[in-house]
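Start from the sequences and build out the full structure, keeping to the hints where you can.
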Amino acid sequence: MREVSIRRAETRDTGFVVEAIIAAEKSGSGPLSYAAIFDLDEGEMARLLWQALEEDLEGQEVCLSHFLIAELDGVPAAGCASWIEARDGIPSGQIKANLLFHLVGQNVWKRAADRLKAVAETSIQRSVGAAQLESIYTKPDFRGNGLAPQLIEEHLKAHRALNPEVERAQLILFKNNARAAHVYRKIGFEQIAERSGTHPLLDSILSCPAKIMMEKQL
35 MREVSIRRAE TRDTGFVVEA IIAAEKSGSG PLSYAAIFDL DEGEMARLLW
85 QALEEDLEGQ EVCLSHFLIA ELDGVPAAGC ASWIEARDGI PSGQIKANLL
135 FHLVGQNVWK RAADRLKAVA ETSIQRSVGA AQLESIYTKP DFRGNGLAPQ
185 LIEEHLKAHR ALNPEVERAQ LILFKNNARA AHVYRKIGFE QIAERSGTHP
235 LLDSILSCPA KIMMEKQL
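Sequence positions in the sequence shown follow the numbering used here and run 35 to 252.
In case anyone wonders, no lab produced these hints; they're calculated from the structure.
No false leads were slipped in.
No more than 20 Å apart at the CA atoms, straight line, and that leaves these computed lysine to aspartate or glutamate pairs for EDC-like:
id	residue 1	residue 2
1	Lys151	Glu228
2	Lys130	Glu119
3	Lys130	Glu78
4	Lys191	Glu119
5	Lys130	Glu155
6	Lys173	Glu53
7	Lys60	Asp175
8	Lys60	Asp75
9	Lys209	Glu224
10	Lys250	Glu201
11	Lys250	Glu119
12	Lys173	Asp47
None of these values were measured; they are calculated from a predicted model.
Spelled out as structure tokens, the structure:
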């Protein structure tokens, strides 16, 4: 029996968390949307994500302290971020947008205006006060060990203990990620929303022009 341990992410995990964010966003073999939006190569975007994690800005997905890490036999094997949506009254999307604007700068942001508009077509509104799960990732060599469900349950257990008023958990994924959706259904999540985009730029930005939201009652 391989030993699994779950802990809160630390500074030494930043590289692994960047890997998790990138892999989850690419959803397999798709483009890295962050890089495509801002016309950066993947290495440049990885460095920006590292800087964003160093800011540790709570209330959105690119926040180191929101991540739990699952170790298998002492090796970081899987990661997942979670937070309570708009706990301080500001939506996570706005917090993340402000953070990225700060990091990429006004000129890059302006050049990305059309691509940002295209991606907005697929945006699904998160429910205020709901627990959010993002960047759910398991390294390929460690798949099949049930690490993602364990991370999700650990996050939800922590939310139930600290925020008993939280009644539901949500996650957003690309519609074509059927394998992940199957895993989430097995642990009680059901699809509650879908949003598709038709902008011609979407094919070069996202791995799929449609996203779904899944929800679980706590």
